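Participant: Take a look at the letters that make up each chain.
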Amino acid sequence: MNLLVTAFDGIAFGALLFVLAVGLTMIFGLLDVLNLAHGALYMAGGYLALLIIGEAPVSLAVFIGVALLAVVAGLVLGGGLSAAIRPLRGRGHLDQALLTMGLAILLSEFLLQSVDRGFHSLAAPIGLDGSIAGSYPAYRVAVIVAGLAIAGATFWVFEKTRAGALVRAAVDDPEMLAATGVNVRRVRLGVVLAGCALAVFAGVLGGPLLNLRAGLDTEVLVLALIVIVVGGLASIRGAALGALLIGQVQTLGVALVPELAAYLLFAVMAAVLLWRPAGLFGRTA
Amino acid sequence: MNPRIKGVAVAAVLAVMAVMPYVLDPYRLDLLSGGLAYGLMAASLAFLVGHGGLPSLGHAAFLGVGAYAAGLTAKHLTANALGQLLVAIAAGVVFALLTGWFAVRTKGFFFLMFTLAIGEIAVQAATRSTRVTGGDNGLSGIPKAELFGLDAVVPYVAAFYWWALAVVALGFGALVLLRNSPLGRAVAGARENEARMAALGYHVTGVRLAAVVIAGAVCAAGGALVEQKDTFVAPTHLEIGVSVLLLVMVLLGGRDSLAGPLVAGVALIVLRAVTSTALGDKWLLVEGALFVICVYLLPGGLQGLWRRRAQAA
Amino acid sequence: MRYAVLALLLLSASACGGGAMQGAQDDSTVKIGAIISQTGVYSALGDDMEAAMRLYLTEKGDKLGGKRAELITADDAGNPETGQQKAKQLTLENKVDVITGLIASPVAVAVAKEAAAQKTPVVIANAGADALGGPGVFRVSYTNYMHGYAAGKYAAEAYGKDGAVLMGADYSAGTETLKGFADGFAKAGGAAPIKQILTPFGKTQNFQPYLSQIPAEAKFLYVFYAGGEAITFAKNFKQFGYDQKVKLLTCQNITDEDVLQAIGADAEGITSVGLYSPALDNAENAAFVSKWKAKTGKNPSVVALQSWDAMQLIDKAVAAGGDLSEALAKVGDITSPRGTFKLDADKHNPVQNWYARTYEGGANKVIATIPPDPAS
Chain A
1 MNLLVTAFDG
11 IAFGALLFVL
21 AVGLTMIFGL
31 LDVLNLAHGA
41 LYMAGGYLAL
51 LIIGEAPVSL
61 AVFIGVALLA
71 VVAGLVLGGG
81 LSAAIRPLRG
91 RGHLDQALLT
101 MGLAILLSEF
111 LLQSVDRGFH
121 SLAAPIGLDG
131 SIAGSYPAYR
141 VAVIVAGLAI
151 AGATFWVFEK
161 TRAGALVRAA
171 VDDPEMLAAT
181 GVNVRRVRLG
191 VVLAGCALAV
201 FAGVLGGPLL
211 NLRAGLDTEV
221 LVLALIVIVV
231 GGLASIRGAA
241 LGALLIGQVQ
251 TLGVALVPEL
261 AAYLLFAVMA
271 AVLLWRPAGL
281 FGRTA
Chain B
1 MNPRIKGVAV
11 AAVLAVMAVM
21 PYVLDPYRLD
31 LLSGGLAYGL
41 MAASLAFLVG
51 HGGLPSLGHA
61 AFLGVGAYAA
71 GLTAKHLTAN
81 ALGQLLVAIA
91 AGVVFALLTG
101 WFAVRTKGFF
111 FLMFTLAIGE
121 IAVQAATRST
131 RVTGGDNGLS
141 GIPKAELFGL
151 DAVVPYVAAF
161 YWWALAVVAL
171 GFGALVLLRN
181 SPLGRAVAGA
191 RENEARMAAL
201 GYHVTGVRLA
211 AVVIAGAVCA
221 AGGALVEQKD
231 TFVAPTHLEI
241 GVSVLLLVMV
251 LLGGRDSLAG
261 PLVAGVALIV
271 LRAVTSTALG
281 DKWLLVEGAL
291 FVICVYLLPG
301 GLQGLWRRRA
311 QAA
Chain C
1 MRYAVLALLL
11 LSASACGGGA
21 MQGAQDDSTV
31 KIGAIISQTG
41 VYSALGDDME
51 AAMRLYLTEK
61 GDKLGGKRAE
71 LITADDAGNP
81 ETGQQKAKQL
91 TLENKVDVIT
101 GLIASPVAVA
111 VAKEAAAQKT
121 PVVIANAGAD
131 ALGGPGVFRV
141 SYTNYMHGYA
151 AGKYAAEAYG
161 KDGAVLMGAD
171 YSAGTETLKG
181 FADGFAKAGG
191 AAPIKQILTP
201 FGKTQNFQPY
211 LSQIPAEAKF
221 LYVFYAGGEA
231 ITFAKNFKQF
241 GYDQKVKLLT
251 CQNITDEDVL
261 QAIGADAEGI
271 TSVGLYSPAL
281 DNAENAAFVS
291 KWKAKTGKNP
301 SVVALQSWDA
311 MQLIDKAVAA
321 GGDLSEALAK
331 VGDITSPRGT
341 FKLDADKHNP
351 VQNWYARTYE
361 GGANKVIATI
371 PPDPAS
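Protein sequence lines, in the order shown, are assigned to chains A, B and C. Residue numbers 1 to 285, in our numbering, belong to the letters of the first sequence in order. Residue numbers 1 to 313, in our numbering, belong to the letters of the second sequence in order. Residue numbers 1 to 376, in our numbering, belong to the letters of the third sequence in order.
Keep in mind the hints are simulated off the structure, nothing from the lab. What you are looking at is a predicted structure, and each value in this text was computed from that prediction instead of being measured. It cannot be assumed that every hint is accurate.
[To be verified] One-sided and incomplete, this derived list gives chain A residues near chain B with beta-carbon spacing under 10 Å:
| no. | residue |
| --- | --- |
| 1 | Leu103 |
| 2 | Val268 |
| 3 | Leu273 |
[As the list claims (entries may be wrong)] Incomplete in silico selection of chain C near chain B, CB under 7 Å:
| no. | residue |
| --- | --- |
| 4 | Gln38 |
| 5 | Asn79 |
| 6 | Pro80 |
| 7 | Glu93 |
| 8 | Asn94 |
| 9 | Pro106 |
| 10 | Val109 |
| 11 | Tyr159 |
For each residue, glycine too, the CB sits at the ideal point set by N, CA and C.
Same shape as in the complex, but just chain A (with noise of 0.2 Å):
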């Protein structure tokens, strides 16, 4: 029984990190962009939560509206990212990496030093803030529902629309694409408007389970490279496997094998990377 409720926790986590990473696979995808400033982004999201209401819960409909506040503050960054990034095209991953670095150390103390360097939490909102059955928090179950909401969201954007099929196309071949008159500039730069919005929006979502505290950028960074690692680049299907996946891994491998729970995330994308360097679930070159 215990497992279970470790199990289902895992997939609220899992959630979370889907929504993290989902943008960062994208962006790395579409852009072939290493965006090392995903954290920061992520961080913005939380420390602009609690900037606007504070670490006392609210209701449900104030909290919706940080968030979506929080999606704005999201297209702005990505836009500033994307002109930051456009003079590197063609100059490889690492200047993007030293490039987005330096971007994440300036939003992540500009942040610190705008609150506070002290420990924070949003707080769950009122009406989730309690416990099912008393041992299962709802707002994990929200989390569930919202990380849901979103990857149907993007599923459906991204198969099922024109906007869509414009940014795979891009993906695939973008030379054909522009020869066909569309603008993949642009297509490119609402890549990054999204992926950058979904990243704040997952601090104000995780930020009742995750602490706002210095180095949460390279904490939340880190936990979204593994993810896209192992669930394969440039896919949303992946980042949603390799999210569910991860989860577990920290909930339901540390369980079950305690002695190495230290090891075992490391180990895991390590063995990914050896065996199915394209991801577990990613498109093979």
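Following the hints, complete the assembly by docking chains B and C onto the known chain A.
Facilitator: What follows is chains B and C alone, placed relative to chain A:
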């Protein structure tokens, strides 16, 4: 650059560096010793990343391996600085072979993530092997390394500085020689065109592994210096932040060069100390801004700047 | 090459700047070097530490022991290598008379080693590593062992002598505290703990998988978590309903000021054993709490209290005159907001009361006092 001018320049730099103990106070001399050690490690990473085309986010693991090996040697085997250094290098080679054998089977972004995993696993191993490594409180009670009697004549900090300078100069020289050797050219070839190298009969994975071993051994030497300077090692020496710092040194120095990262390494260590003292908790902002500015204004790093000026001249 | 020269010029320039400002050794000023985490994972506590030290100095008119006092802070970024470098700088360049601060134990170990080499005394204001202590090292906080030991003694009285389960983070602070608990529990007649659960330090975002390992026969749980992990643990414990399944006794860090707001309502009712509570009833504490509240609007955290006492210790030692190391060893009773305490003669660790506290209605109400074992 004209080889003769280059030789004179190198000699001049070495001469300037050698007289530093007469110019700098003990604290700054100690800081410079540390900077040199990190510069050497950055150069070793440049050999792997730039020359070998293998971007690593786990290079600090070699720092840790070298540092712990030297520290444990100092505690249990010998107080001789050279002995400790050699054990550290040997440990670096072994670690490189064990982990590199797997790592070279991945490429590019995947190599980056694999080395990240190795680094993190190494940190955990260092933290949890409390009986051997002292755990998260670090390895203490390490005696000072004996510097061939030199420390009886001059203050220890000066003797150590010359020891560090010698090790860094020799280590750097080794990297340069290896880079220009047939093996080094094979490493570059494997970076440029794997298929052609294989067609020519080179064992590409083997060549890559050689690059990892060279970089790892030199980095372990740097790690030994770090331990000998502070007589202290902790799992924090292997943290991802250190690996990132080394990679940044390579990028700021110019990944296609060895000298650029060496200089960038020294400069960044010094800069960190200076900005932290001057600005308190704002030093991180300075670093972040520096990275962003350098990406835009110094696309080839320091090396790119030198090259442009040499061409313009 | 130009840039190598630039780096060296930078180095020498800062040398000149420092040198020019140094001047002769000023005997009427006492210089205190505080190594604090201003950035990095422990920076949450660094702000409190610095604020408490500066508050004390302001109260005393920037004088310690009658001499003009200068507080120089340095950032260790949570890293022992950086901490050691700052210790070198403070002793060699700033020529401080004493080093204090020190939040994280690895940093404290590295700094204590360096300070000993530079013959400068160290007053530890937080780090709890058991190994620290000895000539030249003075601690006004606690040792991890005693932190757990006091809780163990209390638990045997309050929770019964069996069915203990221990849980903590797998690093030296966690393991040393849990060991202390087991010893204190045994000393008071308790049985060996039935299980010990260690969680990966700093890498645990969710305690549910570990909480699920608590055996059914467990009567109570003693935990050690600090900082972010304390917040996550407290929330998880309540939200997954474990507060209905097993009694909880915690270390002082879980209901400490620096995490209470983040834990929120889930902190209600948690009993802990710590060396201080803002609700302690003595004159010294009333004054301290009101001053701190006036400055920050919150109750003092234990780090703030310890830092305050660090300055008090230095104040008394400087007033006594003579060699600072010897004077620090000879300071007797210290009237602290935590009550009166002194340092033991051997390792200079505090010999102090511990308090069992329950967090109710926004305050850590003291429900019992655990005196130190009589000197053996």
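Participant: The structure should be examined with respect to each hint, and the outcome stated for every one.
Facilitator: Cross-check of the supplied hints:
A distance limit of 10 Å between C-beta atoms decides the matter here; for Leu103 (chain A) the minimum to chain B is near 6 Å, and the interface restraint holds. Interface hint status for Val268 (chain A): upheld, as the beta-carbon distance to the closest one in chain B is roughly 9 Å, under 10 Å. Below 10 Å, beta-carbon pairs count as interface contacts, and Leu273 (chain A) has one with chain B at about 5 Å; its hint therefore holds. This hint holds: Gln38 (chain C) has a C-beta 4 Å from the nearest C-beta of chain B, less than the 7 Å allowed.
Hint status for Asn79 (chain C): holds, given a least beta-carbon distance of 5 Å to chain B, under 7 Å. For Pro80 (chain C), the interface hint holds, the least distance from its beta-carbon to any beta-carbon of chain B being 5 Å, beneath 7 Å. Taking 7 Å as the C-beta contact cut-off toward chain B, the hint placing Glu93 (chain C) at the interface holds, the least distance being around 5 Å. Hint status for Asn94 (chain C): violated, given a least beta-carbon distance of 9 Å to chain B, over 7 Å.
At its closest, the beta carbon of Pro106 (chain C) sits 5 Å from a beta carbon of chain B; the interface hint therefore holds under the 7 Å criterion. At about 5 Å, the closest approach between the beta carbon of Val109 (chain C) and any beta carbon in chain B falls short of 7 Å, and the interface hint on this residue holds. Hint status for Tyr159 (chain C) relative to chain B: violated, with the closest Cβ pair at about 29 Å, above 7 Å.
When the structure is compared with the earlier hints, violations turn up for hints 8, 11 and for no others.
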